[in-house]
Amino acid sequence: MVSLTQLALFAVASTLLIFTPGPDIIYVMTRGVAQGRKAALAAAAGFALGNFAHTFFAIVGLSALITSSATAFACVKYAGAAYLMYIGYRMLRSRAALVPEGAAGELQCRVIFRQSILANIMNPKVALFFLAFFPQFVDRARGGIPLQMLILGSIFVLLTMLGFGVVALLSGEIGRWLNRSAGAGNLIGQVAGCILIGLGLRLAWPER
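For the sequence shown, this note's numbering assigns the number 331 to the initial residue and increments by one for each residue that follows.
You may find that some hints are simply not true.
As the list claims (entries may be wrong) - Cβ pair distances, simulated, as ranges: (1) Ile504 - Gly473: 27 to 35 Å; (2) Leu437 - Leu508: 22 to 30 Å; (3) Leu437 - Ala338: 36 to 44 Å.
Source of the hints: derived by calculation from the structure; they are not laboratory data. Heads up, the beta-carbon is just placed ideally off N, CA and C, and yes, glycines get one too.
Working from the sequences, and respecting the hints, build out all of it.
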């Protein structure tokens, strides 16, 4: 088992990292501003579940396999980038105005939830992060490393949901305020689409 001291350090470090600007949190903000709180919360839940999947991948060794193979890493990386750009393109094609709070339907939220899971899972940099970050808080002397990883992953998922949930609620409020302006909906929808395409391009951009 992980010691309480290690858990506390892990929780603090994880919280700081979760609120660091990155593709996931920007995606949640984009959904909140463009489509309301429900859509943003669905995105937050999707990313949280995606993080749990990455925890499982790290435990069974799949993440290590992907990150150790340049070909596998590139394939997952470009697939994830293409998927983000596809979502952005769909938002650019949409002419719907910003939705008022509560207008995001259940079906739409389910789609956003699935999209967020896939966007997270298909980002190999997240897998690399889990492999580099989690072992720093694993105590090999205590044994049960898979169980320790599972505990840390569960805590990270919970913190992700809480942190992204706050971002979702705040961005949803911003979107509702912007919706009061005539024509703002289409503009924000177009900007949101461009942001997601930009995130996809950034993911695909070669590292120097």
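Cross-check of the supplied hints:
Between Ile504 and Gly473 the beta carbons are some 48 Å apart, a value that contradicts the proposed interval 27 to 35 Å. For Leu437 and Leu508, the Cβ-Cβ distance of about 24 Å falls inside the hinted range of 22 to 30 Å, so the restraint holds. Leu437 and Ala338 have their C-beta atoms about 41 Å apart, which keeps the hinted 36 to 44 Å range intact.
Checked against the numbered hints given earlier, this structure breaks only hint 1.
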